[in-house]
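Chemist: Two chains, each in its own frame: build the complex with the hints.
Quick note, the sequences are listed as chains D and H, same order.
Numbering of the first sequence is given in our numbering, commencing with residue 148 and proceeding in unit increments.
Numbering of the second sequence is given in our numbering, commencing with residue 366 and proceeding in unit increments.
None of these hints come from the bench; they were simulated from the model.
Note that beta-carbon positions come from the ideal geometry of N, C-alpha and C, so glycine has one too.
List time: in silico DSS-like cross-link candidates among lysine-lysine, alpha-carbon distance up to 27 Å:
#	chain 1	residue 1	chain 2	residue 2
1	H	K461	D	K217
2	H	K462	D	K277
3	H	K408	D	K322
4	D	K322	H	K462
5	H	K408	D	K326
A short list of chain H residues far from chain D (calculated; beta carbon distances all over 10 Å):
#	residue
6	E448
7	D546
8	D553
9	A568
10	T707
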Amino acid sequence: MIEQDTEIWKTFRQGDKIAFERLLYRYYRPLFDYGLKFQKDPDILRDDLHDLMLSLWERRAFLNDTDNLKLYLFAALRHQIFRGKQSAKLLIEMSEEFDDTSVGQAIEEEMILAESARAQSVQISHVMQKLSRRQQEVLHLKFFEELSNEQIAGLLDISRPAVANLLYSALRAFKLCWKTEFTLVFLMIIMSK
Amino acid sequence: MIFEKSHSFFIIFSLEIHYIDIRTKARPLPADLRIWQPMERYKNYRFEDFLNDDEFREWALSRSADTDSKWAEILLRYPDKAEDLERAAVIVREWKKQPSALSDAQMVSDIGRIMRNIEEPEKKHIPRTYTPFVRYAAAVILMLGIGWLAWQQTRPAGSDAPIAYRSGESDIEIVNDRSSDLEKTLPDGSVVTLSPGSRISYAASFTGSDSRNVSLSGEAFFQVVKDSLRPFFVYSGGIATRVLGTSFTVRSGAEDVSVTVRTGKVAVYVLDEKKENIVLTPNQKAVYTSSDKTITRTLVEEPLIVRRQELDSRFHFDEVPAATIFEALEKAYGIPIRFDKTIMQHCLLTLPFREEPFYRKLDILCRTIGATYRVDGNQIVIESNGCE
Numbered sequence: 148m149i150e151q152d153t154e155i156w157k158t159f160r161q162g163d164k165i166a167f168e169r170l171l172y173r174y175y176r177p178l179f180d181y182g183l184k185f186q187k188d189p190d191i192l193r194d195d196l197h198d199l200m201l202s203l204w205e206r207r208a209f210l211n212d213t214d215n216l217k218l219y220l221f222a223a224l225r226h227q228i229f230r231g232k233q234s235a236k237l238l239i240e241m242s243e244e245f246d247d248t249s250v251g252q253a254i255e256e257e258m259i260l261a262e263s264a265r266a267q268s269v270q271i272s273h274v275m276q277k278l279s280r281r282q283q284e285v286l287h288l289k290f291f292e293e294l295s296n297e298q299i300a301g302l303l304d305i306s307r308p309a310v311a312n313l314l315y316s317a318l319r320a321f322k323l324c325w326k327t328e329f330t331l332v333f334l335m336i337i338m339s340k
Numbered sequence: 366m367i368f369e370k371s372h373s374f375f376i377i378f379s380l381e382i383h384y385i386d387i388r389t390k391a392r393p394l395p396a397d398l399r400i401w402q403p404m405e406r407y408k409n410y411r412f413e414d415f416l417n418d419d420e421f422r423e424w425a426l427s428r429s430a431d432t433d434s435k436w437a438e439i440l441l442r443y444p445d446k447a448e449d450l451e452r453a454a455v456i457v458r459e460w461k462k463q464p465s466a467l468s469d470a471q472m473v474s475d476i477g478r479i480m481r482n483i484e485e486p487e488k489k490h491i492p493r494t495y496t497p498f499v500r501y502a503a504a505v506i507l508m509l510g511i512g513w514l515a516w517q518q519t520r521p522a523g524s525d526a527p528i529a530y531r532s533g534e535s536d537i538e539i540v541n542d543r544s545s546d547l548e549k550t551l552p553d554g555s556v557v558t559l560s561p562g563s564r565i566s567y568a569a570s571f572t573g574s575d576s577r578n579v580s581l582s583g584e585a586f587f588q589v590v591k592d593s594l595r596p597f598f599v600y601s602g603g604i605a606t607r608v609l610g611t612s613f614t615v616r617s618g619a620e621d622v623s624v625t626v627r628t629g630k631v632a633v634y635v636l637d638e639k640k641e642n643i644v645l646t647p648n649q650k651a652v653y654t655s656s657d658k659t660i661t662r663t664l665v666e667e668p669l670i671v672r673r674q675e676l677d678s679r680f681h682f683d684e685v686p687a688a689t690i691f692e693a694l695e696k697a698y699g700i701p702i703r704f705d706k707t708i709m710q711h712c713l714l715t716l717p718f719r720e721e722p723f724y725r726k727l728d729i730l731c732r733t734i735g736a737t738y739r740v741d742g743n744q745i746v747i748e749s750n751g752c753e
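Extracted from the complex, chain H is given alone in its bound form (with noise of 0.2 Å):
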C-alpha cells in the first residue's frame, strides 16, 4: 500500500515537471496517461515513448501509409523523431515474426504424448522425463520389421549379415527379449524404443566415429539426438536409413523392408547397388524387394495430416467446388491429387470433415460427387464424369 502512494505521487510530481518541460531526470508517465496532453507532447517522444503507446502500435501494425494520421504529421513537425519514430515502427512489426522456440516435430511429440497419457488414465503414465540438456532435434520413429524370425529361419550358414555395416568384435548388442517394449539411451543421447523380440547393434566407438550407424532387426522407435557432423544410419535388410531430419516410419515384411515418413525427410539407400538413394517426404513409402533389389515409391497405408493449421481452418467445407477440397486435402497429407479441373467445376459439395482417416475422406468426397479415386504411385488420381 505504501508503495502504491509514493507511486500515485511520483506521477502526480512528474507532471507538473513535464508541463514546464524539463524532463530530462524525470520518470515519464505511463502511456495511458498522457491522452489528454496536447500534440506537443511528442517533441519528448523517444524510442520507448513510441513502443509503448498503444495508439502508435496500433498505426505501425496497420501500416495502411495513413498519412492522415497524427503520427505522420509528427514525422513532419519534429524531423529529428523520424529516425526513433521509424525504428519503433520497425520494433513493433518484427516483434511479431519472432520465430518460435519450437519446432513442429517436437510439438507434434509433445502433443502426442499428451494424447497418449490422457486416453489411458488406468495405466501408469508414459515417462514424461526428457532426458535434462539432451534436445532431440529429430524424433525418429523407426519401425523396422524385416521378419526377424523368419529370416533367422531361413538364412544360409555362414551368412549371418543382411546388414552391410560390420565393424567386428566389438559390437554392442541390445536385444530385448521381454513381451513388452524395452527402452534405452545411445551413447550419443538418442533413445531407441525396442519392440519385443527385435535387437540392435553399434559399434563401441559410436560416438567416436564419423556417422553414427546402428543396425536393426525388427521394429524400433528412435529419437535422435542431432548432429549435422555425425548423421545418423539405420542399416537393416540391405538398406540404409538416413536421417535428414524429424520422424519416419519404417516396416517390412519378410520379403521386403519399407520406410516410411510420418514428417520431415529421410534417405533410403539399397546397399551394395549404384543406384541413387531416394529422398522421402511425408506420407509417402519406400519398399524395398530383395531378391531383385529393386526400390519402389508409394503412399503409406494410413496417411496422417502434416500440416495441422490447414485442418483446423479449412476442413470446414460449405458448397465449395470439389476442386478447394482436393487442393486442402493435398496441401494438408503433402500427397499430390490429380484431377481435371475443368471437369469438376459443377461439382460444389458441403462436408465438415473431423478426424477420418485420409482414405475415409476421400471415400466420402468421391461417392458425394460421384467420383473414384486411385493410387498411382506417390499420388491420387481422381476419375469423374463431372456433376449436372
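In isolation and in its complexed conformation, chain D is listed as follows (with noise of 0.2 Å):
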C-alpha cells in the first residue's frame, strides 16, 4: 500500500481529524465515481457516503489494519449501499437487465458539455451508459482503476472464472454498443454532406 495511506490510516484510527479529511480529499470522488455504476441516483449515492464515513468515524478504534485502504472502501461502500437490500444477490439479477438509462442522462448530458462532445473519454462514458449496472461496474473497476481480478473477485465476492466471463460478456457489450455509436455517428457525417 501507498506509503501515505498507511500513515493516514492509523492515525485516522487513532481519531486524527486532519487524518480524516486528508482520507477524503483522497478518496471522495474515486468512491462517488465507483459508487455511481451501481448507485445511479448521486444524490442517494451521497447520502450513502456520508452515512459510511459518519460510521467509519464512529467505529474507528475498532477498525482493522488494511494493505488497500482503496479497496477496503470500496468494499465497505459497497456494503453500505446493499445493506437493507437483502444482500448483493439482489444486484446480480436486477442487474443482468439492462438499466433505464434516464438518471444517467443529466450526469452525461455535464460531462459531454463539460468536455469536447467528440473526445473519446466522453464516448467511452458514454457507451457504459448504456450497460447493465454490474457490466459498469467491473468494467470501471478493471480499466479505471486498474485492479486485477484477483482483487476484483474479492471484491464482488465471487470466483476469479466468474470475474473473467463478467469481464468478456461486458466488452462484448461494450463493443456492440460503441459500434452502435459510431455507425450512427458515421451515418449523421455522411448525411450533413
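Modeler: Written as C-alpha cells, this is what we have:
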C-alpha cells in the first residue's frame, strides 16, 4: 500500500480529524465515481457516502489494518449500499437486465458539456451508460481503477473465473454498443454532407 | 456448485475447439488461461480479446513505442488485426481520462458536511438530505452583513431601498427572527439559509423572469440551482452579486459591503453607476464603500486552500528553495506571491506544513529565512535580503 495511506489510516484510527479529512480528499471522488456504477442517483449516493464516512469515524477504534485502503473503502461502500437491500445478490438479478438510462442522462449531458463532445473518453462514458450496472461496475474496476481480477473477485465476492467471464461478456456488450454508436455518427456525417 | 462444475467443463470444451480452429461459436477462454498458448492464438483475437488481455493493456498504457513487443509483431504478422488492436489501445488509454461525475465544488461541500457532522457528535446531525432530483451546480455561500440593524435606525425616512431591484407589491419576504439559522427553499429549488436577524425578498414571479433576483439584508447561505438561461443575482447595499459558479462569501460592515470568493467566480456590480463589474476569483474580496461608491479588490482575511491536490502532494518540503514553497502556496491558494528569485536563491529550508492558516504559513516561512511579507492589493509581496 502507498506509504501515505498507511500513515493516514493509522492516524485516522487514533482519532485524528486532519487524517480523516485527508482520507476524504483522497478517496471521496474515486468512491463517488465507483458508487455511481451501481447507485444511479447521485443524491442518494451522496447520502450513502455521508453515512458510510460517519460510521467509519464512529467505529474507527475497532477498524482493522488494511493493506489496500482504496479496496477496503470500495468494499465498505458496497456493503453500505446493499445493506438493507438483502444482499448483493439482488444486484446481480437486477443488473442482468439493461438499465433505464434516463437517470444517468443528466450527469452524462453535463460531462459532454464539460469536455469536447468528440473526446473518446466521453464516448466511453456514453457507451458505458448503455450497459447493465454489473457490467459497468466490472469495467470501471478493471479499466479505470486497474484492479486485478483477483482484487475484483474479492471485492464482488465471486470466483476468479466468474470475474473473467463477467469481464468478457461486459466487453462484448461494450463493443456492440460502441459499434452502434459509431455507425450512427458515421451516418450523420454522411447525411450532413 | 453445479454452476462451477458446468463452467469448468465449458472451458475444457472450448479449449479443444480452439485447437482445431473453429472458434466461431465457441465461447472464448478467459484471458488468464490463454497465456501458455502459442502465438497463433492472436490470429483470432478480436477487439474484446485485446481489451481483456492484461499484457496488452499494460503495453497500451506504457506505449513507449515498444517495437520489440509481441504486440508490434502481431501488427506485422496479422495486418487485418491492426484496426482492432489500435482501437483497443485507444480505448485502454482513453478509459482513464473519463471525466468525474463529481464537481470540485460538490466534493468540497460534501466533505465539509461530513467533517462538520463528525466534529459535533453530541449535536443532531446537519440534515443530510439533498432535495431529490435537484442538482446544485453551484453551491453558493453568500453572507451579506450590511449592518442591518444600524442601517434600520439611521436610514432617512422614505428611502427604504438600499436595493435597486424592486418589483412592487407582490414580493415575498422571508424574515428570520429566531435565534438560530432558518433554511428555506426558493421556488427554483435553490436553498437559502438565513442567519438570525436577516431577511430576503424576491418577486412572486421569481421563476418566471429572465433572471432570478433576491434582495438580502443580513447574512445568508445560498445553494443555487444551475440555470444558465436565468442567472442568479443577489442585491444588497448598493451592489449586485452575480453567481458565475461554485461558492463565495459576502460580508460587510455598516458602511460597506464586501464580497468574498471561496471557490469559483462571481461578478460584482455597483448599481446605478456605469462602472465595470469586477470578477472575483478564490480568496479575493471586493470591498464596496457606499459613501464614495468605490470598489477595491483585496485578499480575504483567512485564505483557504482552493487546490487540495497541491497541498497533499507537495507541502512537505525538505531542503528546497524558498521559491518552490512560494510557488506551491501560490497555486494551492490561488493567490499571487511576488518575490525576487535571484536574491532568494540561497534560501533553502525544510518545512512540514500541515493545516495551518495561510498567514501562519507565511509567518513561519518568512521568519525562517528572515524575510517579511505584506499584502498589496490582491497579492502578497515578499521582501528579503537573501540568505548567505
